[in-house]
Every structure is written in structure tokens, then in C-alpha cells.
Amino acid sequence: MADSTDSARERIGGGRPGAWVRLGGAASEGRRALEIGHAVGEVGTVVLEPWETAAAQRLKSEDPAVVVLCRRRTLIVDESESGPVHSNGLSYDQAEANGWVARSRAEEAITWEAHPGQWQLRIWDPACRTAWTEAIVRELSDSPFDGVLADDLDLDDHPLDLPLPDLGSDTQLREAHDALIRQAGEALNGIGKLLIAVVEDARRMPERWVELSAWGGVCEPTWLSTAHGRMLDPGAARQQASLITSEGPGRVPAEQLVLVRMPIAASLLRRTELDQAQEQQLVRCGLAAFWVFGAGRGRFAAGSRDGTRAHWIPEMQWDLGAPLGPAEGVVSMWSREFEGGWAVVNLASDGRRRRHVTIPEGMLGPDGAPMRGTQVLRAHQGILLRRA
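According to the UniProt record's numbering, the sequence shown holds residues 1 to 388 in order.
Keep in mind that the hints were calculated from the coordinates and are not lab data.
Predicted model only: the values in this text are computed from it and were never measured.
Treat the hints loosely; a few may be bogus.
Claimed, not checked - Quick list of the computed label-pair ranges, beta carbon to beta carbon: (1) Ser267 <-> Ala179: 29 to 39 angstroms; (2) Glu211 <-> Ala114: 27 to 37 angstroms; (3) Ala369 <-> Asp201: 34 to 44 angstroms; (4) Glu211 <-> Ala369: 39 to 49 angstroms; (5) Gly168 <-> Glu113: 17 to 27 angstroms.
Glycine included, C-beta positions come from ideal geometry on N, C-alpha and C.
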């Protein structure tokens, strides 16, 4: 393992639990500059698009401790991207020229009416996987990025009508994707870079979650939510959260990054739209669960479902320190004390299930004011406080 990779792994365990993930490249230059300036010194991990090298360079120069990753798509090539850097690593022209654009049973190139100009990549072809790996390694070999976030979330919005002439099932597609992660992870580690694999709804496949963490770490992109945008029930949420701890067998090793991202959407509260206070409520709920069940291991991010907007609250830069004991609670209400603070979350799915919670002595709120007595915690709400 190259020394620079070891250095990045050491930073993964640092004391800034917040992460900033904004994808899609839709932000204006002014907004992008504002967001990057806000991220400097406050978050432990940043994920950008691969062409945002100037932003990555600024972050690394002003904050050498931050881990900066570029998102790379593994399944789709986009004909609209002019290059020279592409979201996939391979361009549409490369894929088409080499026969790596997938074909349907009717022998037509696979695209989608909802996503014109986007085409399915044949990552089940070993030659395609090798070309993808070589392209990514070549681009990152002299780059400010610390590594790659390998993103397979196109599966949700780009369904395949299986079987194809050369692909029989979703299982085969997943196996091909994981083979790509293994090949690219080893190659990137060889040049001192990390590979963080996106594993959606990891609670359903915990063995895969651990296996794909081997080259830098893993990312759960649907923290506290289902793939369809509904809040997990309390039992499923605790099951999901158990995966981010480094305690016991079958867990991601402590030196690997665990990134969880909560998609903020009105559907989580069964509404058609959210105001700013409701958005912040959901972010705080997700962050509190991150601390209560995961003891603050890894990095927490929140943003819009499409990734183009990142959400931030002041508590995301707090390091509450080591836990003073296990999480305590019953059914939906759970809390945990830390050396530097306290967190509590109400995971109830029924909005009528309010709970009274007693605040431990010596706690301060986000504005530095003392907090004491009891508070009412509604469903899908959380509180984080620091010690005085």
C-alpha cells in the first residue's frame, strides 16, 4: 500500500464527523465557491464531480486534512458530456467504438426516454472493466483527489429489461459491478488512492458491505430511509445503523471510511414539500442516529435526493468524543452520552408518538446557551448537545 493511501486512512479516523456531498454539477460558480469556502476546516470528507479539480485543489491547499473524493459512475455513459473528463471515466464515443454500449434483445442500444443521451455500459465485459479502471487510474495519478466514490445508483433510475443477450439477471449485473470495484480498488490503492464503494440499502447485504470496503471504505446513500424515499421503521433503522460500528465480527475495519448520506425529501415526512425548519429537523434526526447507534464512527452527510444540494447544520462539525456507554432506549426513543456531549433520537414512524426526554446536566445547545430540564421530541426528531 502506498504511503499516501496510509496517510488518507489515518485521516479517515479524524474528529470531524460531517461530510459535504454535492453531485450533478448544477451549482452556479458563485454558489460553488460559497459551499467550498464553507467546507474548509469544517468537514472531514468532501465528494465532488471529477471535473472539479480546481475546487479539490483549493480544498486540499487550505485544509490538507480533508479527504476529497470524486464521484465516478460505473453503469452509465453520458453522450452530452464534452470531456475531457467524464463522469464515468469512459466517454460515450469510447464505449460505442469498442462495443461496450449494451444492446437489448431487439439489438438496440439501451437508453431511456427519461434520460436521453445516457447509455448502459457493458461492465459485465472484462475488457470494459479494464478500460474503466485504466482510465480512472490515469486521471487520478496526478490529481488532488484522494480517491474515488464509485457510484452505482444509476440502477434505480435506469432499469434494465432483463435478460439481455449477454446478461441474464440483476445478480449477474451486481457481480460484474463488484468485480469492477475489486479491480479498480486494487489499482487505485497501488497509486496511493482510495476507492469508496456505494452500497445502497446495505442492511440487506451486510457481507457485501464489508467486502466492498476493502479498498478504502463504503457509503450508505439512503441513511434512515428506503430506496423509495420512505423513513425506515425503528427496527430497520437500528439494523442499518449497526453496520457502521467497528465493534464485533462482520464489521467494516476501523481504518476504513464509512460514509452515510441522508437523502432529504418531503416523502420522509409523508408531505409534498418541506420548509427549511423541516429539512433541518430531518438532518438533525439523521445526525443524532449516526451518533447514538454508530458512536460517531465515520462521516455523516445530508442532501437532496438528486445530490445537487448539500444540507448543513452547525452540529455536523461537532465531535462528541468517545461514548460513555451503550445506546439506551426502548422501541423508538434512543439516547447516548459521550465524553463531549449527548444525543437522542425519536425514530417513531407515527407522528403522534411524542416523547418527553430529560436532558443530562451540564449541556449546551448550538448557540452555547445552557440546556436543562425536559424536552418533547416528536417523531423523526433528534437533539445533539455539547458538554459545558
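Tested hints:
no.: 1; hint: Ser267 <-> Ala179: 29 to 39 angstroms; in the structure: 34 angstroms, holds
no.: 2; hint: Glu211 <-> Ala114: 27 to 37 angstroms; in the structure: 32 angstroms, holds
no.: 3; hint: Ala369 <-> Asp201: 34 to 44 angstroms; in the structure: 39 angstroms, holds
no.: 4; hint: Glu211 <-> Ala369: 39 to 49 angstroms; in the structure: 46 angstroms, holds
no.: 5; hint: Gly168 <-> Glu113: 17 to 27 angstroms; in the structure: 25 angstroms, holds
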